[in-house]
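All chains, please: the whole structure from these sequences, using the hints.
Chains as they are written, first to last, in the numbering used here: chain A, 1170 to 1353; chain S, 1170 to 1353.
Don't read these hints as lab results, they were simulated from the structure. Any given hint might turn out to be false.
As the list claims (entries may be wrong) - Covered by chain A, according to a simulated footprint, are these stretches of chain S (three or more residues, beta-carbon under 8 Å): (1) 1172 to 1185; (2) 1240 to 1250; (3) 1265 to 1278; (4) 1321 to 1330.
Claimed, not checked - Partial chain A-side listing against chain S, Cβ under 8 Å, derived: (5) F1172; (6) M1241; (7) G1244; (8) D1330; (9) Y1342; (10) M1346.
Given the structure is predicted, the values throughout are model-derived calculations rather than measurements. We put the beta carbon where it would ideally sit given N, CA and C, even for glycine.
There are 2 protein chains.
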Amino acid sequence: MKFCSACGQAVTQRIPEGDSRPRYVCDHCHTIHYQNPNIVAGVLPTWGSKVLLCRRAIEPRRGFWTLPAGFMENGETLEQAAGRETMEEACARLGPMNLYQLFDLPHINQVHVFFRAELADLEIAVGIESLEVRLFEQHEIPWSELAFRTVTRTLECYYRDRIEQHYPIGNEYLPPMNLSSPIT
Amino acid sequence: MKFCSACGQAVTQRIPEGDSRPRYVCDHCHTIHYQNPNIVAGVLPTWGSKVLLCRRAIEPRRGFWTLPAGFMENGETLEQAAGRETMEEACARLGPMNLYQLFDLPHINQVHVFFRAELADLEIAVGIESLEVRLFEQHEIPWSELAFRTVTRTLECYYRDRIEQHYPIGNEYLPPMNLSSPIT
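Here's what the structure looks like:
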């Protein structure tokens, strides 16, 4: 941020009076520009024993497999955001959704929220952001070709919890990766 | 938003190619400015049978009672944000935190996330954003003087769940209030 989005003048970065963190402040119109974490909402869609994954057609991680997920938009609920992403990426409709895993990724200013949901039907198709959409049995999951760590962790939790058919809601902190690994 | 925060030129609002929603777009430097929901993180702090509430010293809802809560900052986890707010508003430290209630407030582009936590000790004090900090037994809760609906709902869930000593994690949509009521 270099300029004030309210008046177009240059901003400076400093701690406003009564605050404790540096903010972008406009000394012309006195607007303080706060920057806050974003929410990524996603789903683990199931069909019986199978899980739906999408192969990404877009960067980052083009060609890798993901659960349907993306940035929550203004005006949406978490469920609506997760359902919309599933429609966009896999042209799929979902039955009732169950909150499942929350991930804190403070190094990239994101919170990822995943639901579990059974597909409403088998009418799935390749969405505009996907190269391929497929249902996987557990032994078929392409673990080394998953796009994001939160996808891997959600699947790990799911296969752990499925044994007992008990899916406790989790909130997990994911620290920065080693530089040797490309995924967030 | 009227001006591009990257280059200072005027922005226009339109649907970018490949998108489906209107965004603020800079036709000079081609930056697309996305606007996304914010997270409010809070805590229901307990001390045995008592609950800690803070009377707000700041607008909105100055003079009304709230659970410690506020906007999550970049670089924080949900727990860290909720703990920081508790320190700022009640100078209080918390024991282990348990995820409890998530609220969708799409009409104000917010998600509120509340934890439950026992206070670490009784060293509480009036923080800079509070007029008063107090522990309440259930029959003392000032229901008609609570600051926000998500505070009321979290307390309602807590007293419902405390009977069974079972606190399931909930995700609830809160629609816009009637215009007759001032609180979000």
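Results of checking the hints against the structure:
{"no.": "1", "hint": "1172 to 1185", "in the structure": "holds (count 9)"}
{"no.": "2", "hint": "1240 to 1250", "in the structure": "holds (count 10)"}
{"no.": "3", "hint": "1265 to 1278", "in the structure": "holds (count 6)"}
{"no.": "4", "hint": "1321 to 1330", "in the structure": "violated (count 0)"}
{"no.": "5", "hint": "F1172", "in the structure": "4 Å, holds"}
{"no.": "6", "hint": "M1241", "in the structure": "5 Å, holds"}
{"no.": "7", "hint": "G1244", "in the structure": "5 Å, holds"}
{"no.": "8", "hint": "D1330", "in the structure": "14 Å, violated"}
{"no.": "9", "hint": "Y1342", "in the structure": "5 Å, holds"}
{"no.": "10", "hint": "M1346", "in the structure": "16 Å, violated"}
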